[in-house]
Amino acid sequence: MTTEPSANRVGADRVEKGSELPSRTHRFTRADLVRYAGASGDFNPIHWSDRVASAMGLPGVIVHGMFTMGVAVGMVSDWAGGPDRVISCRTRFTKPIVVPDDAEGVEISITGRVTAVDGPHVTVAVDVRCDDDKVLGATVVEVRRG
Amino acid sequence: MSAAKVDEFAAALAGDEHPGGPDQRLSPLVAPPTFAIVVAARAWESMFDDQELGLALERIVHGDQRFTVARPLRVGDEVTATLTIDRILQRGGADMITSSVAIATTAGEPVGTATATFVHTPAPVTDQPVTDQPVTDQPATAGPASAAPGESTQGVDQ
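Quick note, the sequences are listed as chains A and B, same order. 1 is the number of the first residue of the first sequence in this note's numbering; add one for each residue after it. 1 is the number of the first residue of the second sequence in this note's numbering; add one for each residue after it.
Any given hint could turn out to be false.
[Stated by the list, open to error] Derived lysine to aspartate or glutamate pairs resembling EDC-like cross-links, with alpha carbons at most 20 Å apart: (1) A:17 with A:127; (2) A:17 with A:118; (3) A:95 with B:58; (4) B:5 with A:84.
Please keep in mind that the hints were generated in silico from the structure rather than gathered at the bench.
Starting from the given sequences, assemble the full structure and let the hints guide the process.
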């Protein structure tokens, strides 16, 4: 993954509504999907078999929705100071991410914006895109500062 | 919750370019928030397998996912998973099944809740189907099912 500097970048300790988190890109290859399958226990073949994926009407092998969510939540928790800062998170799986069987795989971009600050609690709306298409919907992560 | 499993999951999320390498993994003691899916999926697997419910795994799509965290899952935790079917809506021939899994330590300390909506449909799958064979190295154990009157509940027995 790559973290890009942002003009509006702020640390988690000084935020207000509208603050932008440092954006991030993440690349998925077939090898990454295999590794996530093993780590998560989700061995659904649509995440590793072209044959099964096309039989299910998919254009190809797709990323586990939970993998994408995990990467998106990780972007916010890294910003907030660690995985123990997350109070809640939610998302909708709106569009599958197809991963070609090549060395490059596919890249997503993740951006986040603070939508509410309530004492130590910060709410971040996360936008996850692949080729300009939103792949997750209504993604919100709540973190605790301090 | 073994250190090896948490480490494996964190490394998988980070992908090839995570800093460090195998010997310098991320946070070894606190699991990533979405690690709760590894525990919850075991409970949902038993719901999908329930003969009375009559769900067909290949026709289930994971629609949305939420986690609320009472406190982070940590290496060394021994946890239970208690599944509740919160709501079933019928929409255009599909069943929208909302189910939550409450995770707690074996000592009874609440850890958090994972809530998912699954879409069970006779139409061909066009989205991301849900996990089919979740595996944890620390299997979730049964907790008592609890729900308001009128709700369908199912205890998870693993």
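Structure-based check of all given hints:
| no. | hint | result |
| --- | --- | --- |
| 1 | A:17 with A:127 | 16 Å, holds |
| 2 | A:17 with A:118 | 10 Å, holds |
| 3 | A:95 with B:58 | 18 Å, holds |
| 4 | B:5 with A:84 | 17 Å, holds |
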